[in-house]
Amino acid sequence: MPFDPPPPGPRAPCAMETSDGGAVRRAVAGEPDAFEAVYRAHVGRVFALCLRMAGDRRDAEELTQDVFVRAWERLPSFRGDSTLGTWLHRLAVNVVLERTRSDVRRTRRVEATDDVAALASPAPRDSPDERMDLEQAIASLPEGARTVFVLHEIEGYRHDEIARLTGSAVGTMRAQLHRARQLLMEALGR
Amino acid sequence: MTHFETHAAIRDGGRLHDYVDGLLAGSERAAVEAHLASCAACRDETSRILALRARLAAAPRDIQPPRDLWPELRARLAARPAHRETDLPRVAPGVESGPTAGERAVGMGRPLPALLSATRAAARRATRRHALLAAAAVLLVATSSVVTATLFRRGSQARVVAQQSAVPAAPRGGEPTGPAAVSAGYERAAADLAATLEARRDALAPETVAKVEASLRVIDSAIAEARTALARDPGNQTLVELLSVTYRQKLDVLHRAAELSTGI
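For the record, the sequence lines run as chains A and B.
Positions 90 to 279 (our numbering) are the ones given, in order, by the first sequence.
Positions 4 to 267 (our numbering) are the ones given, in order, by the second sequence.
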């Protein structure tokens, strides 16, 4: 059955991409109050990414702070070639993957999937129970599968990009993605 | 290759996932679609993957931390050395010429590579939704077949063609249809058919009723997911089309079940 992909259209600016330009300029100049405005505008998006990739609320809080500390340090090198939201998002992914590789916090990982589920804001007309189930199920995925799944299914990264970011082969990455889906379908189908 | 060998190759190779992701083309895609037309298990599996992806499309993009992290973060920043990495920032205080950061945020005055980068994720999502829609459309046809050939074990090919043509057409590109309009029209038609079916429920075998109800639950779940996604992204015409396709699937099942109950 033939389907021609529709031409890509411009995406409506999301919260990651609509920061006040003045605040960004002042934050680049080193004004903490301006950086707070940047933080407030983007923390929800960054925390969502960290929470889903870490699968643990406390780790996500710490990672979110790490992302913004890194952002503060590197903001002067923000060249404006991409939106600040896109820049922050890449930074966040790198921070989380670095943490994953470091293996430091895995030993203190606790079972906190209830926390994860409770934090997700339900979408309009979406059952809170269904939302909780989904976030809980994502949090319960094995780490490697969860990383690949979140990057691909929620964050929109391509297979080859994820393979490059995670240092794994595309075939391995695909297998992780398929495994994550199977596990989620089983978990949600119970 | 036998049916079972093909089935095993498709399952073991993750081809259903690749199909839903829009990664297959040409003969590979045709082979999977041909298999889907004859394999109920793989159709079910593909439906489940599609339902999962529809559910994910409705997942919130933002989640606020449960507590305010700023005071702690500010303390961490204050404790750090004064040094900040420097480059030659284009976004600098007092810059009067060129687009502002806010303008860049919406694409104004940005260089082409930056614009392409910013729209790349959107293009990917659109392509993925399109793959989702394509898979859903194939499943619609496949479900029509299985309802006729496997579930009800009746009906001629001619009737199948006639019934498919009687199902309301999905909106096409260039004819944007709002989610409310799609839902309202299909819900009315579905309610009429469901009432007809309910009135003649006793004419159907219990196992047939169970299968119809199971199918409708799956379809209703997909409809709910699509509507949730649309509530978050009302202008997304691809999601509207996906909703329309799913409603058509529901109408098709109801139509066939109602027809069966009348002994046509």
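Don't take each hint at face value.
Partial chain A-side listing against chain B, Cβ under 8 angstroms, derived [unchecked claim]:
#, residue
1, 121
2, 133
3, 186
4, 189
Distance windows between CB atoms, simulated [stated by the list, open to error]:
#, chain 1, residue 1, chain 2, residue 2, range
5, A, 261, B, 64, 45 to 53 angstroms
6, B, 12, A, 245, 26 to 34 angstroms
7, A, 187, B, 43, 44 to 52 angstroms
8, A, 245, B, 71, 48 to 56 angstroms
9, A, 261, B, 208, 42 to 50 angstroms
10, B, 187, A, 166, 33 to 41 angstroms
11, A, 162, B, 216, 57 to 65 angstroms
12, A, 121, B, 64, 22 to 30 angstroms
13, B, 210, A, 232, 26 to 34 angstroms
14, A, 183, B, 28, 30 to 38 angstroms
15, B, 216, A, 121, 58 to 66 angstroms
Covered stretches of chain B (in silico footprint by chain A; criterion: 3 or more residues with CB under 8 angstroms from a CB of chain A, positions within the stretch not fixed) [what the hints assert, rightly or not]:
#, region
16, 193-199
17, 208-221
These are computed hints drawn from the structure, not numbers from a lab.
Small disclaimer: the values here were computed from a predicted structure and weren't measured.
All C-beta atoms in this analysis are idealised placements derived from N, C-alpha and C, irrespective of residue type, glycine included.
Check each numbered hint against the structure and report the violated ones by number, ascending. Violated hints: 3, 4, 5, 8, 10, 13, 16, 17; rest satisfied.
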